[in-house]
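Could you put the whole structure together from the sequences, leaning on the hints where they help?
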Amino acid sequence: MILNVTSNPVLPHGTKTGFTVVELLVTVSIIGILGSLAFRSMVGFTEQRRLRSAAIEVIGMIQEKRARVLAQPLTESACMSLDPADATSPIRPANLTSGVTGLAVQTEAGGIPDPLCFTPEGLVLTPVTLVLRSPAVVDQGDWCVVVTPLLSQPHLDWRPSGQPGCRFDAGGGSL
Amino acid sequence: MTRPGVMGARLRRQPRPWRRTSHGTGHATARCHGFSLVELIIVAAMTAVVLAGLGALTLVSDVQVGRRINSIQEAQEQWGRAVIFIRNEVAEAATLATGPLSSADYPCNGDIPNPVLVLKGPDNPTTPAWTIIYGVRNRAVGEEGLYRGPKLLVRCGPQPLANSTSPDAIFGHLDPTKVALIPQQQTVLLDRLPANTPLQVQLLGDPANGPVLDAQLTITMQAGTDSTFGGDQPVRMHVQRTP
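These protein sequence lines map, in sequence, to chains Y and R.
Read in order, the letters of the first sequence correspond to residues 6 to 180 in the working numbering.
Read in order, the letters of the second sequence correspond to residues 69 to 311 in the working numbering.
Think of the hints as simulated: they come from the structure by calculation, not from any bench.
It cannot be assumed that every hint is accurate.
Among chain Y residues calculated to face chain R with C-beta under 10 angstroms, some are [as the list claims (entries may be wrong)]:
#1 T153
#2 P154
#3 S166
#4 G167
#5 C171
Ideal Cβ placement from N, Cα and C applies to all residues, glycine included.
Given below as structure tokens:
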């Protein structure tokens, strides 16, 4: 079967040029494969950016809690829950606007994080590391929120897939 | 008047304007053809590759700029917190000192920092004495992924108690009822310090003439993860005990 895509009046009568269905199917298939790879890569990139946005949101919530403790040391609870399943925790997935699918917040060992507590001076006495995971990019790595004593300054780290700990120099995946 | 037969022959000799010709003379014997589908696909593919490359470069550049701004902002905020923290502790000290330390004078574990700013207190003689030492030490082996920069500003002194719930915020952490004077611990306050002279301590007074209450600290921080990513930012700080 031949599809006549050009009609050249110079060629002898009856001569047809064009592409066979096989050629067109191969071309369309190659385009489809490349497109699906690009789409998959783009979805991973987008999800990783969402996960990073969620980590930045968590940092903002920690900063807000510290400011509240400093402003109202008598009435404000000194601790905030970091368990996303806790109804009182500010970092419940419903509170995050980044829209990460299946977001999990855990410790580096995979457990439920302990509450983060501030002294009345806004200090944190023990280091806290939160690991934010998304099933869509779990094969790439996880973003980490690290709160260091005493100044309780939170920052972002990255844990590549298969690595035990979060490191600032791990590169942040493909970002 | 033009004869119809002649006009028709002339029209047939005219090349169609959208057709490419081999030599452009428009002779009827020339081989006329348009772009083939393969040529169009190749051109479209090359265009797509170029556009995708430009888009990727733009995206990567945008992400890197965002990261750099975030890093600088974080460094500034971290530095600001350290300044407030140090100034509050200096305000409660009875005297300031500096100079190299011996191991006997350094109550914390780890490398002895140098140079140092030593705070001795308290201002109130009815409470137990305490000593706080600020200094810069090298980043140790194994700390590469934890701290940015080759030098760290550390604090060796009493630690606040975990159950401290006093409302006297800011200055409460040196109250002996709320701090653990022993053991003293070394805590990293700032990372991102460069290798060359990240801390300079200058006492504004002569200890021979009485307690020194003023000092000038110059701390140089790196805004980014290395010296080529944001540069170094020296900041001078005047600390003074509250009169």
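Now for the hints, and whether the structure bears them out:
1. T153: holds (7 angstroms)
2. P154: holds (6 angstroms)
3. S166: Because about 16 angstroms separates Y:S166 from the closest Cβ in chain R, which is outside the 10 angstroms limit, the hint is violated.
4. G167: Nearest chain R Cβ about 15 angstroms off; hint violated.
5. C171: Holds: closest Cβ of chain R sits about 8 angstroms from Y:C171, inside 10 angstroms.
This entry does not satisfy hints 3 and 4, going by the numbered hints stated previously.
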